[in-house]
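Visitor: Assemble the whole structure, with the sequences as input and the hints as a guide.
This is what each chain is made of:
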Amino acid sequence: DVKVTQSSRYLVKRTGEKVFLECVQDMDHENMFWYRQDPGLGLRLIYFSYDVKMKEKGDIPEGYSVSREKKERFSLILESASTNQTSMYLCASSSFERPNEQFFGPGTRLTVL
Amino acid sequence: TQLLEQSPQFLSIQEGENLTVYCNSSSVFSSLQWYRQEPGEGPVLLVTVVTGGEVKKLKRLTFQFGDARKDSSLHITAAQPGDTGLYLCAGANAGGTSYGKLTFGQGTILTVHP
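Sequence order for the protein chains is X and E.
Per my numbering, residue 584 is the first one in the first sequence, and the count goes up by one each step.
Per my numbering, residue 7 is the first one in the second sequence, and the count goes up by one each step.
Note that these hints are calculated values from the structure, not bench results.
A virtual CB, placed ideally from N, CA and C, is assigned to each residue, including glycine.
Among these hints, one or two may not hold up.
As the list claims (entries may be wrong) - Computed, partial: chain X to chain E, Cβ under 7 Å:
no., residue
1, Gly623
2, Gly625
3, Tyr633
4, Leu673
5, Glu684
6, Gly690
Stated by the list, open to error - Cross-link-like lysine to aspartate or glutamate pairs, in silico, EDC-like; alpha carbons within 16 Å at most:
no., chain 1, residue 1, chain 2, residue 2
7, E, Lys107, X, Asp642
8, X, Lys653, X, Asp609
9, E, Lys65, E, Asp89
10, X, Lys654, X, Glu600
11, X, Lys638, X, Glu655
12, E, Lys107, X, Glu613
13, E, Lys107, X, Asp634
14, X, Lys653, X, Asp634
15, X, Lys586, X, Asp621
16, X, Lys636, X, Asp621
17, X, Lys586, E, Glu21
18, E, Lys107, X, Glu639
19, X, Lys586, X, Glu605
20, E, Lys107, X, Glu684
21, X, Lys586, X, Asp609
22, E, Lys107, X, Glu605
23, X, Lys654, X, Asp609
24, X, Lys586, X, Glu684
25, X, Lys653, X, Asp611
Unchecked claim - Just some of the chain X residues that point at chain E, by a computed CB distance under 7 Å:
no., residue
26, Asn614
27, Leu626
28, Ser677
29, Pro682
30, Asn683
31, Phe687
32, Gly688
33, Pro689
Guide: Here is the structure:
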C-alpha cells in the first residue's frame, strides 16, 4: 500500500522555537508539496519540490523554509514559530507523469503557544 | 492568482437525498481534481477530469468538467452516511510547467444523517 507519512500527528511548540516537520513517501515520486489547511481557506501551498535539492515557493512561503536532501524525504522548517502558524500541515507527493494527482499524508496539527 | 470558488461551504442532508457541489473560477484549468477528506486524515483523490465537457462516474458520484474548463460539479445520488466528509476541488494551471501546483477551493463540509 503506497504511503505518505508525516513525523507527528500532533505537535505543540512555543513562540520562537524552531520547528521541523518531516515527510516521507515510498512511491519514488519526483514531486513533493507542503500545504497548510485552515478552516474556510482550503489548502494553501507553502513550498514544493520537483527534484532532490530543488525547491520552489508556493503561495504563502513567508516564515517557512524547506529541505529535500533525499528523493523520499521533504522537510518543512519554521525558523521561529509564531502563533499565526498554528494550523494543520499536510504533505503530499506526486509523480512526474501525473503531477496533479497528489497523495497526501495524514497531516500534522501544529499548535504554537 | 487563480481562484476557485466552491459552494456551498456546508451541506447537511438526510440519507437518500441527492446533492450537488459546485466549483467555479474565471480562470481556465488544464485539469481539475476532486478530493475527499475524512476527519484526522489527509485528502484522498477521487477523480481527475481533463477534457471540457467531460463526465466521469464513480458509483453514486458524478463529476463534470465545464465546457470552457473553468468550472466543475460533483453530484451525489442517494447520499449515505459514509459520504460524510470534506470535499475539495483543485485546479491545475493551464499552460507552462506546473510541477503539480494546484489551486484548491475552500471545501464543502458534507454531513449525511442516517
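Visitor: If a hint holds in the structure, say so; if it doesn't, say that too.
Guide: Structure-based check of all given hints:
no.: 1; hint: Gly623; in the structure: 6 Å, holds
no.: 2; hint: Gly625; in the structure: 4 Å, holds
no.: 3; hint: Tyr633; in the structure: 4 Å, holds
no.: 4; hint: Leu673; in the structure: 5 Å, holds
no.: 5; hint: Glu684; in the structure: 6 Å, holds
no.: 6; hint: Gly690; in the structure: 5 Å, holds
no.: 7; hint: Lys107(E) - Asp642(X); in the structure: 10 Å, holds
no.: 8; hint: Lys653(X) - Asp609(X); in the structure: 12 Å, holds
no.: 9; hint: Lys65(E) - Asp89(E); in the structure: 12 Å, holds
no.: 10; hint: Lys654(X) - Glu600(X); in the structure: 27 Å, violated
no.: 11; hint: Lys638(X) - Glu655(X); in the structure: 14 Å, holds
no.: 12; hint: Lys107(E) - Glu613(X); in the structure: 13 Å, holds
no.: 13; hint: Lys107(E) - Asp634(X); in the structure: 14 Å, holds
no.: 14; hint: Lys653(X) - Asp634(X); in the structure: 9 Å, holds
no.: 15; hint: Lys586(X) - Asp621(X); in the structure: 23 Å, violated
no.: 16; hint: Lys636(X) - Asp621(X); in the structure: 28 Å, violated
no.: 17; hint: Lys586(X) - Glu21(E); in the structure: 32 Å, violated
no.: 18; hint: Lys107(E) - Glu639(X); in the structure: 10 Å, holds
no.: 19; hint: Lys586(X) - Glu605(X); in the structure: 14 Å, holds
no.: 20; hint: Lys107(E) - Glu684(X); in the structure: 10 Å, holds
no.: 21; hint: Lys586(X) - Asp609(X); in the structure: 6 Å, holds
no.: 22; hint: Lys107(E) - Glu605(X); in the structure: 20 Å, violated
no.: 23; hint: Lys654(X) - Asp609(X); in the structure: 10 Å, holds
no.: 24; hint: Lys586(X) - Glu684(X); in the structure: 14 Å, holds
no.: 25; hint: Lys653(X) - Asp611(X); in the structure: 11 Å, holds
no.: 26; hint: Asn614; in the structure: 5 Å, holds
no.: 27; hint: Leu626; in the structure: 4 Å, holds
no.: 28; hint: Ser677; in the structure: 5 Å, holds
no.: 29; hint: Pro682; in the structure: 3 Å, holds
no.: 30; hint: Asn683; in the structure: 4 Å, holds
no.: 31; hint: Phe687; in the structure: 3 Å, holds
no.: 32; hint: Gly688; in the structure: 5 Å, holds
no.: 33; hint: Pro689; in the structure: 5 Å, holds
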